[in-house]
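Here the protein sequences line up with chains H and R, keeping their order. Those letters in the first sequence? Residues 61 to 323, by the numbering used here. Those letters in the second sequence? Residues 430 to 826, by the numbering used here.
Watch out, some of these pointers could steer you wrong.
With a Cα cut of at most 27 Å, we get these calculated BS3-like pairs of lysine-lysine [stated by the list, open to error]:
| id | chain 1 | residue 1 | chain 2 | residue 2 |
| --- | --- | --- | --- | --- |
| 1 | H | K282 | H | K203 |
| 2 | H | K282 | R | K547 |
| 3 | R | K545 | H | K203 |
| 4 | R | K547 | H | K203 |
| 5 | R | K797 | R | K462 |
| 6 | R | K545 | H | K282 |
If you're looking for bench data, these hints aren't it; they were derived computationally from the structure.
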Amino acid sequence: MHDLLDDYAHANALRDVSPRLKLSVGLASILLSVSSPTPAAPLFVALSLSLATVLLAKIPARIYLQLLLLPFSFAGLSAAVVAFMHGSGDVLLSLPILGYSLSIREDGGLLALLLIARTLGGMCSLFFLSLTTPMIEIFAIFKSLHMPQSVIELSMMIYRYIFVFLDQAAMIHNAQVMRLGDAGVRNRLQSFAMLCAVLFLRSWEQGERLIVAMDARCYDGKLELMEQTGRAGRGEVAAAATYLACALAVSALTWSAGGLRLL
Amino acid sequence: MTAILQCRALSYRYGDGTPALENVSLDLEEGRKVALVGPNGAGKSTLMLMFNGILRPSQGQVLFRGEALGYDASSLRDIRRAVGMVFQNSDDQLFAPSVYQDVAFGPANLGYAAEKVKRYAGFALQYVGLAGYERRPPHHLSGGEKKRVAIAGILAMEPEVMILDEPTSNLDPASSEEIMDMLDELNCGGKTMIISTHDVDLAYRWADDVVLMMDGRVAKRGSGPEVFAEADLIRQARLKPPLVVEIYRQLAARDLVDGSRPPAGVLELCGLLEKRWSGPADDKRMGRICILSVDEGEPGRAEMNAALQDAAADCIGAMGSSAKILAEQCGINLDFTYGVIDKCILKALAGRDCLILTSGGMVQHAQKRIGEYCRDLGREISVQRLSAPGQTTKSLK
Numbered sequence: 061m062h063d064l065l066d067d068y069a070h071a072n073a074l075r076d077v078s079p080r081l082k083l084s085v086g087l088a089s090i091l092l093s094v095s096s097p098t099p100a101a102p103l104f105v106a107l108s109l110s111l112a113t114v115l116l117a118k119i120p121a122r123i124y125l126q127l128l129l130l131p132f133s134f135a136g137l138s139a140a141v142v143a144f145m146h147g148s149g150d151v152l153l154s155l156p157i158l159g160y161s162l163s164i165r166e167d168g169g170l171l172a173l174l175l176i177a178r179t180l181g182g183m184c185s186l187f188f189l190s191l192t193t194p195m196i197e198i199f200a201i202f203k204s205l206h207m208p209q210s211v212i213e214l215s216m217m218i219y220r221y222i223f224v225f226l227d228q229a230a231m232i233h234n235a236q237v238m239r240l241g242d243a244g245v246r247n248r249l250q251s252f253a254m255l256c257a258v259l260f261l262r263s264w265e266q267g268e269r270l271i272v273a274m275d276a277r278c279y280d281g282k283l284e285l286m287e288q289t290g291r292a293g294r295g296e297v298a299a300a301a302t303y304l305a306c307a308l309a310v311s312a313l314t315w316s317a318g319g320l321r322l323l
Numbered sequence: 430m431t432a433i434l435q436c437r438a439l440s441y442r443y444g445d446g447t448p449a450l451e452n453v454s455l456d457l458e459e460g461r462k463v464a465l466v467g468p469n470g471a472g473k474s475t476l477m478l479m480f481n482g483i484l485r486p487s488q489g490q491v492l493f494r495g496e497a498l499g500y501d502a503s504s505l506r507d508i509r510r511a512v513g514m515v516f517q518n519s520d521d522q523l524f525a526p527s528v529y530q531d532v533a534f535g536p537a538n539l540g541y542a543a544e545k546v547k548r549y550a551g552f553a554l555q556y557v558g559l560a561g562y563e564r565r566p567p568h569h570l571s572g573g574e575k576k577r578v579a580i581a582g583i584l585a586m587e588p589e590v591m592i593l594d595e596p597t598s599n600l601d602p603a604s605s606e607e608i609m610d611m612l613d614e615l616n617c618g619g620k621t622m623i624i625s626t627h628d629v630d631l632a633y634r635w636a637d638d639v640v641l642m643m644d645g646r647v648a649k650r651g652s653g654p655e656v657f658a659e660a661d662l663i664r665q666a667r668l669k670p671p672l673v674v675e676i677y678r679q680l681a682a683r684d685l686v687d688g689s690r691p692p693a694g695v696l697e698l699c700g701l702l703e704k705r706w707s708g709p710a711d712d713k714r715m716g717r718i719c720i721l722s723v724d725e726g727e728p729g730r731a732e733m734n735a736a737l738q739d740a741a742a743d744c745i746g747a748m749g750s751s752a753k754i755l756a757e758q759c760g761i762n763l764d765f766t767y768g769v770i771d772k773c774i775l776k777a778l779a780g781r782d783c784l785i786l787t788s789g790g791m792v793q794h795a796q797k798r799i800g801e802y803c804r805d806l807g808r809e810i811s812v813q814r815l816s817a818p819g820q821t822t823k824s825l826k
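All chains should be modelled from the sequences, with the hints used to inform the complete structure.
So this is what it looks like as C-alpha cells:
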C-alpha cells in the first residue's frame, strides 16, 4: 500500500512549501500545457516539473516513471490513431498493409505530437501537485477561495473514506483469491461483480455508522478545517515566478513563430 | 457516592421486534470504573448506545444525574457532551481527513470560538500523547494511534462519563495496556469510565464494578471477585474465569493458600502466597519506591538525569502521557510503561528499588495503592516523594 500518491504527498521534500504556491504552479502549468498550440511549451513544462518532482521533492525516479507510464501509454495509443487518420500535407511515413497504404501526413504527425506533449505536460503538472501537496491543505485553500461549504465537506469525507474502502476492497479481493476466485475469466468476472456489490453494501452501512458517529459528537453542521501552513518564502515565490515566466516565454515564442514545424 | 447514570426498567426492541434489552435497571456511580461483560448479543452495546441517547428505549428511562434523558435536540446535545462514546472500530469514528480536524470536530460543533476549539483540541491531543500528529490523515496511523485519536476526540468535549466499546479489541498487548492506563489516569481525574469487553482478565483487574449481562438482562453486578466467583453463571454467560482466579482456585483446592477471598490480581496472589509461606518474621530486605512528580516546572535532560542519579533506582516506570513524553524527550530508558504501580510493588518485594515518574492526581493514586497493599498484607514498603527536578531551577530564576 505504500505506493499510493497520498503517502508521498505527506512525506516529500517539498511538503512544507506553501500549498498555495504549489497549487498555483500546478494549475498554471496545466493551463499552459493544454492551451499551447505547439508541443514546445508542454514539453518544457513536463521536463521542468519532472525534474522538480524527482530532484526537489525527492520522489523516487522509478516510482515517478511508473506513474507516468499509464497516461503516456494512453496518449501514445490515441496519438497513433490521430496520426494515421488525420490531416493533409506531405507524407512522412507510409506503411503498406493488404494493398492499401496507411500513411502519416505532416498535419497528422504534428497533431499527434501535440497530443502527446499536452498529455505529458498536463500529467506532469498534476503529479507534481498530487505528489507534493496533501489533500487536507488543498481543502483549506478551497475554503479560502469561498467554495461552497457542503462541497468541501463532502470532498473531505469522500477523501477520508476512499482509504477505508480501498482497504476493504483489498481484503475482499484477498478473500476471493484465497478461494480461487480468480481462476479463469468467468470466475474473475463473477468475483469482481461480487466485490462491487459487497463494497456498495458496506459503504451504505458505513454511511449509517458515520451518521451515528457524527451525531454522537453533537454534529451541528460544522467540520473544522486545518489552518493553512507556512507562507511562501521570497525565494520560493521568485523561483516559481521565474519558472512560469520561462514556460510562458517558450509558449509565446513558439506561438509567434507560427508554430515551429516539428522542432 | 452519587449515581451518575441510572436505568429504570429499560427495554429495547429492534425494528423487527427482537428484544435486545429486557427490564434492565442499573445504577452507575460517579467516578467508578465499570466493565460490562457478557457473551455476544447480550445487549452490552445496545445498553451503551442508550447512555448518550443514540438509541431511545422502547420502555423505561435513562437518568443522568437523576434527570430523565430528553430526546429533543438540545437535551441530546447536552447529554452527548456529558457522556462521550468511543466506538469499537476507530474507522467508524474517525471521519475527518486529518487528526486535528477529527479531534476539533466535537468542540467546533459545540459552538466554541475558534481559539477555544484550537486550545481544547490541542490539549486533548497532548493528553493522549499525539501532539505533533495534527496533520496526519487517519489512514497513516496504527491501530493504537487511531484509538488514541478517537479518545482525544471525545476528551476535547470534556465529558463527565466516557463510554468505550471494546477499547482493546484489535490492539497489540502493549497498546491495549497503555490505553487502559490512560483510562485509569482519566478516572483519577474524576471521570466515570464505562467499558464493554470480552477480556475477562482485563475486566477483573481494571474495573471497580463488573456488570455481567446475559440475554438482554443484568445477570449479576458487583466487584470483580464477587462476579467471577459465580462459576456457573460465568459458564452460562460463555465467559471463563480470569487466569488469576483459576490459579487461585487450584492453589486453594490444594490448600496452598487461604481460600476465603480471591485475590484482586497477580500482586495480591503473590501476597497471599508469601503470607502463607514466609511468615511474618521475614526480615528480607524490601526495596524502596520513589515517586517523582514531573508536572511542576519543565525539567531538562540534565536535571532529569541528576534526579535519576539521586533516586538510584533499579527500575524506572512512567505513568501518564506527560511522564512518558518527558521520559522520551530526556532519553530515559523505561522498564515499565503500563501496570506501573503493581510492577513496582512486585519489584520492591523482591528487594529492588523503583522509581515512578508521574504527574498530577496519579501521585496520590500511587501512594494510596501502595499504602493499601501494605496495610492488607502487613508489609512495609517505604515510599518517598521526590521533589520535581525543574522546581529548583525555577526558584533560582
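Status of each hint after checking the structure:
1. H:K282 <-> H:K203: Distance of about 13 Å is within 27 Å: holds.
2. H:K282 <-> R:K547: Given that 27 Å is the threshold and the Cα spacing comes to 14 Å, the pair holds.
3. R:K545 <-> H:K203: Within the cut-off at roughly 20 Å; holds.
4. R:K547 <-> H:K203: holds, 18 Å
5. R:K797 <-> R:K462: holds, 17 Å
6. R:K545 <-> H:K282: Answer holds: K545 (chain R) to K282 (chain H) is near 15 Å, not above 27 Å.
In the structure shown, no violation is registered for any of the earlier numbered hints.
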